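Asker: Chains as they are written, first to last, in our numbering: chain A, 31 to 270; chain B, 829 to 1160.
Some hints here could point you the wrong way.
In silico SDA-like pairs for lysine to any residue, Cα to Cα no more than 25 Å straight-line [unchecked claim]: (1) Lys149/A with Arg162/A; (2) Lys111/A with Gly949/B; (3) Lys149/A with Thr1030/B; (4) Lys161/A with Leu1059/B; (5) Lys111/A with Glu956/B; (6) Lys143/A with Leu1059/B; (7) Lys123/A with Asp259/A; (8) Lys149/A with Pro167/A; (9) Lys143/A with Arg1158/B; (10) Lys123/A with Arg1158/B.
Please keep in mind that the hints were generated in silico from the structure rather than gathered at the bench. Here the structure is a predicted model, which means the values were calculated and not measured.
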Amino acid sequence: MSATPTPAHILEVRGIHTFIGEFHILEGVTVEVPPGSITVLLGRNGAGKTTTLRSIIGLAPPRAGEIAFKGVPIHGLRAHKIAQMGIGYVPEKRIIFRDLTVGENLLIAERDKGDLERKADFIFGLFPDLKRLYHLPGGHLSGGQQQMLAIARALVADNSLLLIDEPSEGLAPVLIEHMMEAIRQLSASTTVLLVEQNFQVASQLAERYVIIEEGISVHSGLMADLVQDKALITTYLGVA
Amino acid sequence: MQTYWTNLTPQHRRSWLLVVVYVALLLAISWLDFGYNTAGQTVFRGILLGMLVFLVASGLSLIFGLLDVLNFAQGAFLLIGAYVGYDIYHSLDASVEVRFLAAIGGGVLLVAAIGAVMEAGLIRPLYERPIFQIVLTFGLAAIFLDFVERIYGRNPKQPLSPPPLLNEKFTLFQQSLSVYRLFIIGLGLAMMIGVYILLNRTRIGIIIRAGVQDPEMVQALGINVRRVFTLVFILGSALAALGGIALVPYQGATLEMGNQFLILAIVVVVIGGMGSYEGTAVASIVVGLTRAVAEQLSLEHFDAPVLAETSILLLMIAVLLVQPSGLFGRGE
């Protein structure tokens, strides 16, 4: 009897097609995420990057294609089941629960009792502000603090993959630096799949990339190669 | 208290001030116009009505807040609770205390079960279709009403006797009143505090409050939101049934009571802010007081009972003009 081989990728998305209402948003997206890496989804606005993350977590289930997490198919599962397998999701526009306190925003993410207590040092080490703001409603936080809270929330449970959507969106440069540093630190223990519109940020953070163009994944590879390929960057990302 | 105040949004702070000023105005009018004792009786009546309305409205508000379902069957739940409770009370051969408790327990459990089946079997498939949900709950309310009428007949049921301890009299503002009225106020207050503790001090409460804001995100955190939806629907149904049973010793049971309280509850939920539990609690008292004072005013000056009916609608219009999302609703 041979042992089940460990999959080479923690996440494998193969040719998914996702509809929102009657709109065919993803028309064949393939993403492979090696364990322990930061992979970024690149592409212009409306290319389908956010929908790809939502398809993975089960909020926009694909109608065709396959998604496997640690070798186990997860397409067709409901979102809470997918999350329980160890996938954390940080949505775009830093969606936090505005009427809940910072503490409650973190407590709700516990999957086992005491998760927050166990992770408190790590989380408040990454985002010290959150400790100070613990009893304040989420709606009272600044944009940067809300983004920190959204990421911190995904760190409470034992997730082995984090899906982070546009972490630098709308943040001041100094806060972007802080956010990048936090993502670098947390990637030491967790694999990260990122959507990032800001190519500067993406290129400094990620080791791998996937470019999505009009709902189709058109290129993927090492970020180190992409930064050398000005033609590819200009064609698909419109960045000089 | 200081933390509570500082954590409020400016809109909600303004709402609290409006409520305090408005209630003070009602009390001042009552005192100056009706005299001390009648004013006291009126306020007592208003609080009593407010607590009864709260039991129906809190369920309506919780269900709407989390599920986005305006449950028109909430009045029917009150009706079923009242009639089933009445039936249990009269069909048991036991002491008044046992029959009274059995009426409460039986009515609440039956309606909670109906709520569970209704949410899981009928409403759940329609979560993406809000118009269908409205038609469904409206239709179910009519079916439930018809059902109660066929089983129990059209004739109103006489108020039943509460346990002797609750049937004793006491004098308040020179008026002899049944202790049962205090029991209703206590019950409403207990439910108000109980649900507040559930929402604010327990994990399930945190999930419910988060679900009111963004059920999709709650799901993405690994929480089975549908199960929470069912639980809230059961809780909302049970609270309405409790209100119905509590009403029977006070005013008996009639087929109209469900719709009467449903209208009051909808007004309360709109004034308080759709989906805001805090708003529902405050608005219940405000609506109860408004109606009681308007009733007394019409009795003493205008001889126009319609004033009492329209007073709460006028109050609702005034609140919506000042704050379109209700007193404690979310701004967006």
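Asker: None of the hints should be skipped; say for each whether it holds.
Answerer: Status of the hints after comparison with the structure:
At most 25 Å may separate the alpha-carbon atoms for a hinted pair to count; Lys149/A and Arg162/A meet this at roughly 16 Å. Taken as a hint, the Lys111/A and Gly949/B pair is honoured in the structure, with Cα atoms around 22 Å apart against an allowance of 25 Å. A threshold of 25 Å between alpha carbons decides the hint, and for Lys149/A with Thr1030/B the separation of about 21 Å falls inside it, so the pair holds. For the hint linking Lys161/A to Leu1059/B, the alpha-carbon distance of about 32 Å lies beyond 25 Å, and the restraint is violated.
At most 25 Å may separate the alpha-carbon atoms for a hinted pair to count; Lys111/A and Glu956/B meet this at roughly 21 Å. Distance hint between Lys143/A and Leu1059/B is fulfilled; the C-alpha atoms sit about 21 Å from each other, no more than 25 Å. In summary, the hint linking Lys123/A to Asp259/A is not supported, as the alpha carbons are separated by about 30 Å, beyond the 25 Å threshold. Restraint check: the Cα-Cα separation between Lys149/A and Pro167/A comes to about 21 Å, which is no more than 25 Å; the hinted pair holds.
The straight-line distance between the Cα atoms of Lys143/A and Arg1158/B is roughly 31 Å, outside the 25 Å bound, and the hint therefore fails. Our distance criterion of 25 Å between C-alpha atoms is met by Lys123/A and Arg1158/B, whose separation comes to about 18 Å.
Hint compliance for this structure: hints 4, 7 and 9 are broken, all remaining hints hold.
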